[in-house]
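*Asks:* One letter stands for each residue in the lines below.
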Amino acid sequence: MAELADRHYESVYRVALGIVRDADLAADVTQDAFIKALRGLGGFRGDSTFRTWLLTIASNQGRGALRSRGRRHEAPLDAVAPVAAPDMAPDERAGLLDAAAHARACLARLPEKQRMAVQLRLDEGLSFREIGRIIGSSEGASRVNYHHGIRRLREMLGA
Amino acid sequence: MNRDRAKELLPDWVTGRLSDEEARAVEARARAEPALQVEAELLRTLAAARPEAPDWLGQRVRLAVREAVEEAAPGRQRASWPGVLRLPIRTPVWGWAAAAVIAALALGTNLMVDGPPHETTDPVVGALALERAPILWGEDDGFVAGAPLLSGLSDEALESLLRELGG
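These protein sequence lines map, in sequence, to chains A and B. According to the numbering used here, the first sequence is numbered sequentially starting from 151. According to the numbering used here, the second sequence is numbered sequentially starting from 317.
Because the hints were derived from the structure by calculation, they are not lab data. Please note that the accuracy of each hint is not assured.
[Said to hold, decoys possible] Now the in silico label distances, taken between C-beta atoms and shown as ranges: (1) B:Arg321 x A:Glu305: 16 to 26 Å; (2) B:Val354 x A:Leu188: 38 to 48 Å; (3) A:Gly196 x B:Glu349: 15 to 25 Å.
Virtual Cβ for every residue (Gly too), placed ideally from N, Cα, C.
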């Protein structure tokens with residue numbers, strides 16, 4: 151299990167972060183997801199990859215953490231990536247305005263399923279079938295969510 | 317490669333997950349389709365800011381997993397000495413029992429609690445011993461203080477305990 155932790159903790163963290171959008175809470179969720187996976191290992195039926203199963207647990211843990219802490223999914227943009235901060239030094243501000251960070255900030259503003267579909271497809275390289283398992287959609291719906299997400303991002307970024 | 321397939325593989329292409337052959341096919345298609353180029357550029361920009369887990373998280377997860385494995389193991393009581401040290405917090409029954417044994421050994425008391433409470437002279441030992449009396453002492457094991465308690469320990473843990481007690 152330690153080897154599996156080494157192999158997958160970064161993906162689990164990213165999924166958790168995509169749900170909770172808070173670095174500290176995402177770290178807690180990552181740890182909890184592994185413990186839950188360990189305790190529920192008998193429930194892994196092998197009808198998905200272990201990674202997909204683990205990421206599904208992480209996703210559910212993230213939603214549970216949001217519920218238990220009374221947080222809403224619609225986190226303010228500056229809680230995810232501070233794109234504009236007028237009181238900062240120009241060079242610091244220029245760094246924050248980096249195109250990649252800005253794109254990520256826009257991604258964070260998408261509805262959860264669109265956001266997660268884009269993130270899981272791009273960052274984790276998952277298939278739409280696997281994405282559907284994790285976000286609780288069909289393969290077709292996760293594909294639609296991905297394409298809607300990309301289209302929304304292009305609109306937001308003027309691309 | 318048709319357009320839809322190339323579009324679907326764009327995330328894998330920009331992140332380098334495709335074979336050389338697939339990558340060439342997607343690239344050729346993207347070069348011919350400006351819309352695909354734009355989308356690929358967007359994905360490339362996003363990929364450049366992929367969130368990374370903090371450095372310490374891997375170690376934290378490993379430790380938590382290891383601890384959970386130890387807790388779940390059937391031979392949890394046969395933990396090494398540091399594990400025994402944690403027992404008073406995690407398993408109060410063992411903690412109280414171990415405290416009673418150590419107190420009895422340290423005081424050199426022949427601790428038998430078959431009699432009524434007033435026969436115990438030391439109030440501290442009396443309280444500890446009485447609380448766990450039925451568990452602590454079997455009928456014939458009293459001549460070796462703590463024998464019933466220690467029977468579940470591994471040889472290694474037992475040796476460590478005896479060393480600590482100067483035995």
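*Asks:* None of the hints should be skipped; say for each whether it holds.
*Replies:* Outcome of the hint check:
1. Hint check: arginine 321 of chain B to glutamate 305 of chain A, Cβ distance near 25 Å, so the stated range 16 to 26 Å holds.
2. Take valine 354 of chain B and leucine 188 of chain A: their Cβ atoms lie about 44 Å apart, and the range 38 to 48 Å holds.
3. At roughly 39 Å, the beta-carbon separation of glycine 196 of chain A and glutamate 349 of chain B lies outside the given 15 to 25 Å, and the hint is violated.
Checked against the numbered hints above, the structure breaks only hint 3 and satisfies the rest.
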